[in-house]
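Guided by the hints, dock chain B onto chain A, whose structure is given.
2 protein chains.
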Amino acid sequence: MNLINGEFREYIEVADRGFQYGDGLFETIAVINQQPVFLDRHINRIKAGCFRLQIPFPSIDLLITEAHQLSKQSTNGILKLILTRGSGGRGYRMPDIINTTRVFSLFPPPNYPVSLREQGIIARFCDTRLGLNPLLAGIKHLNRLEQIMARSEWTNPDIKEGIMLDINGHIIEGTMTNLFYYKNNTLYTSVLESSGVAGVIRGVIIEICSNAGFPVIEHTFTKKELLSAEEIFVCNSIIGIWPVKQIEQTCFKVGSETQKLQNKLAQFQIKAHKGDD
Amino acid sequence: MNLINGEFREYIEVADRGFQYGDGLFETIAVINQQPVFLDRHINRIKAGCFRLQIPFPSIDLLITEAHQLSKQSTNGILKLILTRGSGGRGYRMPDIINTTRVFSLFPPPNYPVSLREQGIIARFCDTRLGLNPLLAGIKHLNRLEQIMARSEWTNPDIKEGIMLDINGHIIEGTMTNLFYYKNNTLYTSVLESSGVAGVIRGVIIEICSNAGFPVIEHTFTKKELLSAEEIFVCNSIIGIWPVKQIEQTCFKVGSETQKLQNKLAQFQIKAHKGDD
Numbered sequence: 019m020n021l022i023n024g025e026f027r028e029y030i031e032v033a034d035r036g037f038q039y040g041d042g043l044f045e046t047i048a049v050i051n052q053q054p055v056f057l058d059r060h061i062n063r064i065k066a067g068c069f070r071l072q073i074p075f076p077s078i079d080l081l082i083t084e085a086h087q088l089s090k091q092s093t094n095g096i097l098k099l100i101l102t103r104g105s106g107g108r109g110y111r112m113p114d115i116i117n118t119t120r121v122f123s124l125f126p127p128p129n130y131p132v133s134l135r136e137q138g139i140i141a142r143f144c145d146t147r148l149g150l151n152p153l154l155a156g157i158k159h160l161n162r163l164e165q166i167m168a169r170s171e172w173t174n175p176d177i178k179e180g181i182m183l184d185i186n187g188h189i190i191e192g193t194m195t196n197l198f199y200y201k202n203n204t205l206y207t208s209v210l211e212s213s214g215v216a217g218v219i220r221g222v223i224i225e226i227c228s229n230a231g232f233p234v235i236e237h238t239f240t241k242k243e244l245l246s247a248e249e250i251f252v253c254n255s256i257i258g259i260w261p262v263k264q265i266e267q268t269c270f271k272v273g274s275e276t277q278k279l280q281n282k283l284a285q286f287q288i289k290a291h292k293g294d295d
Numbered sequence: 019m020n021l022i023n024g025e026f027r028e029y030i031e032v033a034d035r036g037f038q039y040g041d042g043l044f045e046t047i048a049v050i051n052q053q054p055v056f057l058d059r060h061i062n063r064i065k066a067g068c069f070r071l072q073i074p075f076p077s078i079d080l081l082i083t084e085a086h087q088l089s090k091q092s093t094n095g096i097l098k099l100i101l102t103r104g105s106g107g108r109g110y111r112m113p114d115i116i117n118t119t120r121v122f123s124l125f126p127p128p129n130y131p132v133s134l135r136e137q138g139i140i141a142r143f144c145d146t147r148l149g150l151n152p153l154l155a156g157i158k159h160l161n162r163l164e165q166i167m168a169r170s171e172w173t174n175p176d177i178k179e180g181i182m183l184d185i186n187g188h189i190i191e192g193t194m195t196n197l198f199y200y201k202n203n204t205l206y207t208s209v210l211e212s213s214g215v216a217g218v219i220r221g222v223i224i225e226i227c228s229n230a231g232f233p234v235i236e237h238t239f240t241k242k243e244l245l246s247a248e249e250i251f252v253c254n255s256i257i258g259i260w261p262v263k264q265i266e267q268t269c270f271k272v273g274s275e276t277q278k279l280q281n282k283l284a285q286f287q288i289k290a291h292k293g294d295d
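Line order of the protein sequences matches chains A and B. Count the first sequence with the numbering used here and you get residues 19 to 295, in order. Count the second sequence with the numbering used here and you get residues 19 to 295, in order.
For reference, chain A alone in the conformation it holds in the complex (with noise of 0.2 Å):
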């Protein structure tokens, strides 16, 4: 189900700008009983990116308006939010006049077993790297074909991740999540001034921590000082945070920092629901 442009269509534009260059911007957003999680900070992440890449904001009340007619038709599903510079101009030039396209989808639930949020997950090190790119780095924009390719490395079920180097050999994030480990009483994540998405659930968890007084670290690290790691956990806005038990020949315990947070995360996302209200 899409809602485009505010109307209930399957199709666009062949000239959208979308289509013809991934000149746009998007969003995966949980709805647990009806509601968009974390549908500020969503909002928030779009309209920076949108900045950044000269794409004209739309209203932030229509956009919130359709976000929940959208999320009121499923209990539970993921709402996608894509903003693309909308039609016009054959060629790399922006169009004069911009009239950006919005479109909202409405997917079922994933459905992902709980053991994986409990147990753990194994992963994997993808052999497609990252490009260094500081222009777009940061930014969920529509240009995700190194994503793609990483993530058609495996097909092995038990695989829930793809874990992504840049072609400095540095880690940076999972195909789908961001990653995080502990070790040494500290709680560190990749730096993503080249490459990588700063994922809304990154952004929460890193809030988490400096609240409570134990910043989170960003820094560049490799293979090798990520599987000295205590904890490993990746996380995003459908999955949450799932401990990773195993990459490759290398296996973690799923231990109580990582349980700890999980805990908190869902915490904080029961008082920002209640401060949406």
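Please note: incorrect hints may appear among the correct ones.
Straight line, CA to CA, 25 Å or less: simulated SDA-like cross-link-like pairs of lysine to any residue [to be verified]:
no.: 1; chain 1: A; residue 1: Lys98; chain 2: A; residue 2: Ala33
no.: 2; chain 1: A; residue 1: Lys65; chain 2: B; residue 2: Gly109
no.: 3; chain 1: A; residue 1: Lys98; chain 2: B; residue 2: Gly109
no.: 4; chain 1: B; residue 1: Lys98; chain 2: A; residue 2: Gly107
no.: 5; chain 1: B; residue 1: Lys90; chain 2: A; residue 2: Gly107
no.: 6; chain 1: A; residue 1: Lys98; chain 2: B; residue 2: Asn117
Treat the hints as calculated values from the structure; they're not laboratory data. Since this is a predicted model, take the numbers as computed values, not measurements.
Just chain B, lined up with the frame of chain A:
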């Protein structure tokens, strides 16, 4: 005018992965006297791109038939071909069954004045830097935010092209062209192993020079080296070869080597066209 999977339509499915992720490739082809120019080379390039991105390639005969079908609608124009991984699959994972989407679009000719070809153009250096991404380098894929941001840097209509450097300060290409320069009896162009699009006309020029016993040197160079050139030109399928007469404060002559190549390219095009018949 668009021919989408063989039908005249203006819309594509919102679920098309070209729209969702920029998951596809394109070609921009000149139409002269109702004939798509260098069609075989464009089809070969997009076929090679499909192979690298694991997108099933449609029948060559079908593409040739549709290209001619649309080219006949206009004496001169621009024919654009887009191939995407089709619809399906929320998330980056490729669908199990891929139905490649093919879109041919016909645009009016750009009507550039002859003076650009004869007297040369003014270019500038872009501040937007190209990222480093060996995975995607050379391919004309649909992830084109870098070019869009670079092209947005200027509005002065006297400036016809922006020259892009990568994040290491190496000259790569124009926003919509490849770039060559002539110095000390040698023709140079950029290595495209980490960034850039390997253009069809770039390939033709390399072939013409190689056949004539004067191979083009592909190497890595900076602004300073480029500005010390005797002649500079940019090229693509629509403009052919444009001499560069000025980059910011530095002026260049429209030299005999560039003019010779313009003539050779025209002859090569006539010969290729005859061979096509």
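Hint by hint, work out which the structure violates, then give me just those numbers in ascending order.
none
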